[in-house]
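Student: Knowing the structure of chain A, use the given hints to seat chain B on it.
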Amino acid sequence: MIPVGTREFPEEQERAYRKARRLEWITVAYIASAAVFLYLVKGSSQAMRTSWLEDMVSLVPPIAFLVCSRLAVRAPSDKYPYGTHAAVSIGYLTSSLALLVMGLFLLTEASIKLYMAERTTIGGFTLFGETIWAGWPMLVALAYTGIPSFFLGRMKLKLAPVFHDKILYADAEMNRADWMAESAAAIGVIGTGFGLWWMDAVAAGLVSLDIIRDGWRNVSAAVTDLVDETPKKTVDRSELEPLPGELARHLERTLDWVERAEVRMREEGHVFFGEVFIVPRSPASLSGEELVKSISEVRKSAKEFNWRIHDLTIMPVERDVLDQPPSL
Amino acid sequence: MTGARLAAVLLSLWLGSCDFPRDADGTLDRIQSERVLRVGISERPPWVLMRNGAPAGIEPRLVRAFADSLNARIAWTRGAEGSLIAALRERALDLVIGGFDASSHWASDVAATQPYVETSVILAAPEGRSAERDGAAIQYPSQRIAFAALIAQNDQRPEPVARPGAATAAIYDFEAEPFDLVPTGTDLTRERLVMFVAPGESRFLFALDRFLASRTRAEILRAEGTP
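Just so you know, the protein sequences line up as chains A and B, in that order. Each residue of the first sequence is one higher than the one before, starting from 9 at the first, in my numbering. Each residue of the second sequence is one higher than the one before, starting from 415 at the first, in my numbering.
Since the hints were derived computationally from the structure, they do not count as laboratory data. Just so you know, even glycine gets a beta-carbon here, dropped at the ideal spot from N, CA and C. Among the hints, a few may not be true.
What the simulated footprint calls covered on chain A by chain B, stretch by stretch (three residues with Cβ under 8 Å from a Cβ of chain B suffice, anywhere in the stretch; the number is not a length) [stated by the list, open to error]: (1) 125-134; (2) 286-300.
Residues from chain B that keep clear of chain A, each with C-beta distances beyond 10 Å, as calculated [said to hold, decoys possible]: (3) Ala438; (4) Gln446; (5) Ala590; (6) Pro592; (7) Leu602; (8) Leu635.
The shape of chain A in the complex, shown without the other chains:
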């Protein structure tokens, strides 16, 4: 049993991964503190109760990242000769589901409130002997929870493609859902102040549609991921990952003895596993020893091409075989 590959990340990616871990710990601490703050201010306002539950759901992706991405980077062993890279896919599915659930929950709450014509009321809040309108501390609490979410999300969105972590990407989407939902709640509070009791539910309902669309998109991506669909780019999942094709062309260009190359890859968490099919230019002239050396050359060239190419199986094949990929 030869375990596949060694380290998960080269230096740059390792740095990004460490930075991401720090960000996620900060996220967990921050959401927990925001949840406590909101609980204290919540009063009987529906908007605030909803925000508090949202915070709980928002904790799922950071925890998924901290647990799953840590598992994913473990070196392969006899027990797990392929390593445990797919832990990232599990974390991604979990986080995407959390995002979808958040959107559905918001939509349900908003719909019920509008259907039952439940009116939001915001009265007084006494602090240090002064009674002020309770909407003001609510807005402060929402700003405290919403504004950092915005910036944390953006930082994560920039980091995710660096080491190709989909859980981090899903968490960035969750942060976005968070600050949008909190903005909707803030609009609801102000609307209530102007006597528009329904503003709460309408704003939350509209935002929830966007979140549901986001969540659904990510759940589909996570599911197709798990059934080894052709890899797509991290952030813009509408485009195919160009790496397989690029590698094939690179090999054809740089290695003399390669007449034609085709590459088939599947994503395992951060990295790619795959097969390279090589048609040698003049197979008859290659001795067994030369063939083995040439194949090692291909392997080295491929792995240096991109850090994400974690392990490849190189197969020399006959010319006509590449028109119809072999099934093993």
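Tutor: Here is chain B on its own, set in the frame of chain A:
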């Protein structure tokens, strides 16, 4: 940062001057223009009770002062809690009182004030008397049936009386002096009292919250002298 603070101050001043927050149904404006405050009452002594055919107790006294501040007279409606809450939701009433606790399930159907007072139900004994003997009955004012349950939960035997004072009794902490009893140190439960207004009426609720917060605890709980 000073730019933002200045903007916040100006915003509050502007909003404060243009009736912020507002009522969804214009309750406060209507009360001030029609000079009538429609109040629903459900009895729960000492918070709300009837005396000589008129509402009396801690909350009616507060509500009368509130109505005075609005230059309005009061139209009282007696009823069961459920009916009053239903009427409040339909905005047939402006305010409902009944010694409601903040944890009351009615709070999810209507809008509640902040708790305007916090109090404990305690066990108190006549001066000089030692702690209650095992198995001895604990007295409670006969109209406060809920106290009987509290006493029973404390593994003691409840005994209704017209007026406590003769033996160890379950009373509110602020009633110890009027009834000439000394707290024994046992708390049966804590209560946080609220009043209810119609959902959506934020301006009216805010005015009521401000009024209630402006009263001290002593003013609110001035002895009524009745069970």
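Student: Which numbered hints turn out to be false for this structure?
Tutor: 2 and 3
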